[in-house]
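Visitor: So the number in this note's numbering is just where the residue sits in the sequence shown, counting from 1, plus 43.
Wrong hints could be hidden among the right ones.
Below, simulated BS3-like cross-link-like pairs (lysine-lysine); rule was C-alpha separation at most 30 Å, straight line [said to hold, decoys possible]: (1) K149 - K275; (2) K149 - K198; (3) K290 - K198; (4) K290 - K275.
Just so you know, these hints were derived from the structure itself, not from any lab.
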Amino acid sequence: MPAPPHDRTPPRPAPSRPGDRRKPPPPRLMPDDSLFRASLNRLCDASSTDVDRRFAALAPLPTPVEQTQCTQMWIPAGRVAAEHTLREVLASLDSDSQPQVWRDAKPHLRDFNTSPRNGISFVCTSDQVLQRLGGVELTICGQSVAIRRYSSYDKLYYVDLRRLPADTTDLAIYDWFVARGARPILITPSLGVGQLISRARTVYFNAVQCPDALFEPNGEPLREIYFTDGEKPCFVQHRLFRLNRVKPPSLRQSPRKASAVSDASMRGSDEAAAPPLDSSRVSPPLDPSGASSSQTYPTVSSSSLDSSAVSSALDSSDVPSRTSSGRPRSQAAESQIHRVILGSVNARSDPEWKLVQHSQYGIVNRGGGKFIEPPGAMPCELSEDSSDPHALVYSIPVTPNTYRVLADEGFDESLPPDADLEAELVEDDGMTTPVSGFTADSALLPDEEFTRTLKSVRQMDLKVERVSAEELQLAIDEFLERDVLTYQTHEDVLAAIQAQPAYFRRIFCLPADHQHQLVKAHAVYRTICAEPTQEDESGAYLDRLRGRYDSVDSVDAAAFFERMFPGQPHQDAAFHSALCDLFLMVFAPGIYIDPIKVQAVLPDRSAPKRLRHAPFLLWSDLTLMYVARSDVCTLFMDDRRTPTMVAAALQHLKSVDIPSAAEAGPSRLVHPRL
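Use the sequences and the hints to build the structure in full.
Guide: Here is the structure:
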């Protein structure tokens with residue numbers, strides 16, 4: 044049965060770009076001793092007033108000016124901000140080599156800040172100076188940049204309207220805000236290039252601060268608008284960043300008390316499916332009680348599965364269900380069992396995120412609705428890389444510059460949590476936009492229809508809709524033993540995993556020989572799918588293996604492992620890469636299927652790469668090495684419940700040196716003997 048919710052260790056803040064090699068923080072500015080002495084003398088002088096002491100304490104700071112005289116200015120220099128510390132930027136800006144107009148303006152400039160990948164902001168306290176600085180070219184850390192020109196309307200407050208319904212007119216937007224008491228002075232497309240404009244709209248108001256009409260009666264900022272009854276809401280993004288920290292009401296979890304499984308699901312609604320459990324999904328316990336690195340896990344075998352119990356639990360609601368020990372439950376205990384309505388998904392037509400979330404329902408203790416569509420989803424195109432014949436490269440339409448790692452405990456608490464992340468784009472004005480991605484249709488994926496069909500065929504078929512978490516796990520164990528472990532080809536196994544990844548969380552509890560066989564097969568499959576095809580060579584991976592290793596007659600890819608990787612170091616490297624790939628596929632599927640989330644944890648200028656000829660999404664060795672260095676994998680390596688073999692593989696990928704030319708060259712960790 045589902046374990047009750049429990050307290051979790053408070054989240055650790057995730058760095059914006061953990062994949063980067065960060066410089067040590069710059070030394071703190073130390074005031075002159077005379078300033079300390081003067082302030083201490085004021086403090087110790089009994090005749091000093093509070094005003095005197097305050098003046099002495101604030102002496103090192105710029106002279107205060109009225110807020111109306113302060114104007115924030117912007118230098119669009121994202122690369123400079125990403126590659127250099129603020130101290131380095133300030134030292135460059137303070138150089139005598141800068142234009143005279145900039146040097147004359149320095150007394151009126153303050154509050155410098157850098158935003159990696161975006162640029163440099165600062166405050167100007169003189170109207171005359173800010174007019175002169177617009178368009179001035181500076182050289183910062185060796186790079187030529189220009190200050191963005193100031194407009195007298197830059198201070199106006201605005202909101203962005205995202206995900207506008209298709210039938211909402213611009214006149215309806217204007218009328219809605221007028222009726223609200225916040226008359227717009229201008230409504231524009233949020234983005235535009237030439238005559239091509241975005242669907243999103245920006246609404247400007249004749250105010251510098253957020254108008255009172257854009258707050259709800261309870262004091263919360265306006266975060267969503269229903270222009271038409273029955274339509275999905277349009278989301279409101281405020282210019283003032285802190286107001287966007289309030290989540291739109293439609294995206295919030297139910298205020299009900301936590302329960303093992305939502306009672307609403309038993310009323311037949313798929314959308315009310317998942318339980319609003321413990322609200323924190325960020326960074327689970329780093330030291331789970333009752334777990335240790337030497338912990339032994341239950342194995343899936345005929346003796347550990349009570350097939351009669353599974354049958355009685357799933358086939359008949361009239362027969363009292365049985366516990367794992369086989370003892371009948373009392374009717375009173377049976378009435379307390381929470382069951383969920385699983386529903387179904389179609390692997391041939393439904394998006395990958397829906398397959399992932401469907402498999403997590405009843406397995407992972409995730410709050411919110413059963414299906415929560417990733418916000419800001421964008422198609423990511425694939426292209427070939429002339430310098431890397433082993434992989435296809437994703438073109439990311441928007442690169443997130445911050446993210447937050449999420450973690451959801453599974454109902455089987457002997458296993459590590461499910462990991463996901465929220466990727467966001469923080470713009471120069473502080474606006475935060477959630478982003479996610481999916482693989483766009485591409486002629487470079489000719490076997491896409493075959494892959495979807497095979498996933499559909501390998502989906503687990505439940506005989507009933509309504510099950511408890513315990514009954515669902517028993518059915519999964521039976522599916523794993525009777526079906527998956529008997530599949531003849533590795534592609535059948537991959538199809539089953541990618542169609543329902545959360546169902547395979549206990550695959551890492553299998554006996555060691557079963558796990559080794561699976562991982563070796565995956566290593567061979569990954570390698571042959573990354574290898575360039577030869578002239579007139581079949582695209583089927585087994586035909587390619589047999590053609591290159593004609594002395595090996597087997598349908599089991601693992602049989603080719605020793606021939607493909609001679610020597611223990613090569614075998615270890617290939618094994619670890621394949622093991623990490625399978626583990627992330629199962630324990631971080633929300634990240635695995637999303638190229639933009641993967642991009643979020645990669646260092647700058649590194650694009651996500653997938654294996655060239657794999658019909659399934661399989662990430663390249665290089666991409667896996669970068670992911671292993673991120674705090675997504677740190678979450679698993681710090682959790683004692685992570686299987687020892689997996690932790691060792693993650694540590695290997697994290698510690699192995701990445702070739703200096705890896706960003707532009709081949710994406711392989713180890714080259715096979717073919």
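Visitor: Could you run down the list of hints and mark each one as holding or not?
Guide: Here's how the hints hold up against the structure:
1. K149 - K275: Status violated; Cα separation ~49 Å.
2. K149 - K198: It holds: about 22 Å lies between the C-alpha atoms, which stays within 30 Å.
3. K290 - K198: At roughly 25 Å apart (the allowed maximum being 30 Å), K198 and K290 satisfy the hint.
4. K290 - K275: The given pair, whose Cα atoms are some 16 Å apart, holds under the 30 Å limit.
The structure fails to meet hint 1 from the earlier list, while all remaining hints are met.
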